[in-house]
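Trainee: The primary structure of each chain is shown beneath.
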Amino acid sequence: MPEVQTDILRWIVLLPLAGVVLNVAAAVTDRGKLARLIGPASILSAFVLAVIAVAQLAALPSGAALVDDVYRWIDAGKLSVDLTFRVDALTAMMLLIITGIGSLIHIYSLGYMDHENDVARFFAYMNLFVASMLVLVLADSLVLLFVGWEGVGACSYLLIGFWYTEPANVDAGQKAMIANRLGDAAFLIGMFVLFWGMADLGLPSLKIGVINIAAPLLAAQSPWLPTLVCLLLLVGATGKSAQIPLYIWLPDAMAGPTPVSALIHAATMVTAGVYMMARLSFLYVQTPVALEIVALIGAATCFFAATIALVQDDLKKVLAYSTVSQIGYMVLGIGVGAFSAGLFHLLTHAFFKALLFLAAGAVMHAMHGEIRMSKLGGLAKKMPITSKAFFIGSLAIAGVPGLSAFFSKDMVLEAAFVGGHHLAWLLALVAAGFTAFYIFRSYFLTFHTEERGDPEKMAHLHEMPAVMTVPLMILALGAIGIGWLGLPGGLLWGDALGGWLAPVLAKVPGHHGHPSTATMLGLMGITTAMALSGIGVAWLFYIRSPELPDRLASRCAGLHRTLLNKYWIDEIYDALVVRPYAAWSRFAWRVIDSTIIDGTINGLATSVSFSAALWRRLQSGDVQHYALATLAGAALLVGGAWALAAGF
Amino acid sequence: MIAFWIVALFALVGALVVVLHRNPVYSALGLVLTLFQVAVLFALLDAPLLALLQVMVYAGAIVVLFLFVIMLLSLEPEKRLAAPFPVAVAGLVLAATLGFGLVVSGTLPLRSGVPSRLPADFGSPESLATNLFTKHQLPFELTSVLLLVAVVGAVVLARRRS
Amino acid sequence: MDLAGLPPEYPLGLAAALFAIGAFGVVFRRSVIVVLMCIELMLNAVNITFVAFGRELGDMAGQVMVFFVMTVAAAEVAVGLAILLVAFSRRKTLDGDEFASLRG
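Taken in sequence, the protein lines are chains A, B and C. Per the numbering used here, residue 1 is the first one in the first sequence, and the count goes up by one each step. Per the numbering used here, residue 1 is the first one in the second sequence, and the count goes up by one each step. Per the numbering used here, residue 1 is the first one in the third sequence, and the count goes up by one each step.
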């Protein structure tokens, strides 16, 4: 694979970093006026550079890569890690998503964060996030990838708790941090084991390219090693990408500003786990066991989160569980070996979920923070653009034919079915129906039906300024059109994205891609029918006969309560993990720390000070007493010497 | 031998006067008596130059300095002579032990290989000077620095009084 | 001067006695000025031993050392008495027990 050296890549990272520094400076000087310029401008310029870099890459033959060796970072014994950035087909896609959608969201934030005093801090965090995310996708070694991985985690924590005066926001940030720590610990251990295995092969390196090439050798040397590594990395991915069992932090992460939810907790960071597994696809295909587990986790998360989203009242919570569910599709795609399908869904999801979040943010902004759907309703008249944007996003995520998720979700489902993962397929299929239902439920309850909002707020309701609506429109266009990059069955240009990504992704051995046209059309028909019936039921429930949902809820009261309380997962975790840990911590604090350790230290100190109080009496301050002591010593010496000489 | 006993007797009397007399002037005079006896002893021990220096430096300079200070402060005979009783007793016991131990060990027969004959000029001013200005030149020069520092220090301390 | 009749044990014994008396005086007396005199006594006792041992060993270094001790003693008395003058002007007494501001 040809590699072309270029210096441009480091600037893609450095520009947002410069934005961080300038924003911090701006925060000190002018209370954020400059930050409004610096924040979006640094990301936009990074976007321009990314486009240039991708254009350069596109001009090269397929399978080539751009490489930027910055310097040797670590040189310790057998391990040496270079700070090297690398752009291949996969990174190119991620680069454009991060900087492109990142730019739109930064511009939108100008409007959304208009009334904030702390804009400079906000943009500093956001720029730092983008820089970290870029490091993550540009990294050519797992070590550097982990730097970005931790960086985005830290920024996520900072931004969830952006309004830090509310304890609930701070708690949400800590929850995200702790859930991610668990995943990151597994990621680290996975890296250690992997390095061990690589060193055994005589290839002591964590370069992603080397790992992918050496993957078959690793598997041949010790079959369990790739499985172990892949499962550990999977745990890392479940933390970052909010999958079972570590997804619990993402719904709470909605405490942050909505642009943060759109950028970090929908479009980019939470897909890092998917990206990482796709990056190591050559390692994953060596271990069918791990892949099977990945697929099951993806499908289960997909279904599970969709059911919770069915009944939530908080619009952002619906979108959060929707995100968990949609990432489940991506993970399912990885698990069934259809890496490009998973990444395709990642791409389309970035658009339509960012769109949905930004539209929800516009609603929240217009309603002064009100986001409960039971207090919304009938907003379409006052906010036509936002309403249409949300509608397009809903169509896209529901999988209506012609819009983006129709193509990407279908591709994942098809791969799952053809690959023989029928249980996973079934779960994901039902989840697709749920998806259509919950998103249209949200749409209807927010923008149609009668007005339930605070009349005073409704009176002042108005459409958002252009700085917020224009990004919505652009994202809406993307949500409609981006799916056409991956057409099924060789239509027109066929699966263009798949072709673009093919050189950097592994193929599952014995996986014969193309089913018969009849199968394909049949699957497509089933999926579409699921989606349309989901929309239909939502319409029936919330427009046609609004008394139906309540009747159903009272009929299945137990199920409804279970869903409403998110299966009591938080409570279960609380009882199983948090309380015992807190109890142990209290024990450690009260008994081990306060009593034993402090007791020892304080006891020592007390005894020293007590004996010092005795000994200080020796220090009379009278020189003659000291002379007496000296005399006593001398007498002792002489007397002793004499006694010895006299032979006693 | 008789000379030694006389010297020893007067030296001890002088020393006891220093330690025991209430009036500091008498103490100083007792000190002079003892120092003179030591000078005589030096002369007896083949150290004529040191004997002279002893009279000049100690009796002539140091004791005069003591007396000068005593007069300057116009010190009365002390009302409270001794330290508190326990300290005094402890001092007496310990000093007695030390002195007894030193006397006993000092009067034990020396077992070193003593040269039976001393050189003819042993202890002459010439031999002392030769030693001082050859083998011990550096310490000698350093004492001059020491004396200078002492002079400056004394002046500084005394001036600060006002 | 030939004094072969005076063995070194005698001056050494005298020195020991003088030293003990001086040491006792240092501890016993309250008056700081007398304490200084007692220190002079002890120094002289040491000087006697230097001379006696030097003669016994046939080494002039003993006498040289006495020379140095005299110099140092002179310096010591000069500085000591100066300190004493300052102390007296502060406390109006020479009682050593009064100078105990370092009492623990």
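It is possible that some hints are incorrect.
Stated by the list, open to error - Listing some non-contacts, in silico: residues in chain C with all C-beta distances to chain B over 12 Å:
(1) LEU41
(2) ASN44
(3) ARG103
Stated by the list, open to error - Derived Cβ-Cβ restraints for the label pairs, each shown as a range:
(4) LEU52/B to ASP95/C: 36 to 44 Å
(5) ASP593/A to LYS92/C: 39 to 47 Å
(6) ASP95/C to PHE133/B: 41 to 49 Å
Rather than coming from a laboratory, the hints here were simulated on the basis of the structure. Each residue gets a CB set at the ideal place from its N, CA and C atoms; glycine is no exception.
Trainee: Please go over all the hints and tell whether each is borne out by the structure.
Mentor: To see whether the hints hold, each was checked on the structure:
A Cβ of chain B approaches the Cβ of LEU41/C within 12 Å, the least distance being about 6 Å, so the stated non-interface status is violated. A beta-carbon of chain B comes within 12 Å of the beta-carbon of ASN44/C; the shortest separation is about 5 Å. With a closest Cβ-Cβ approach of about 15 Å to chain B, ARG103/C is found to remain outside the 12 Å limit, as its non-interface label requires. Under the hint 36 to 44 Å, the C-beta atoms of LEU52/B and ASP95/C, about 37 Å apart, fit the expected range.
Taking the beta carbon of each, ASP593/A and LYS92/C are about 58 Å apart, not inside 39 to 47 Å as hinted. In this structure, ASP95/C and PHE133/B meet the distance hint of 41 to 49 Å, their C-beta atoms being roughly 45 Å apart.
In summary, the structure is inconsistent with hints 1, 2, 5 from the numbered list given earlier, while agreeing with the others.
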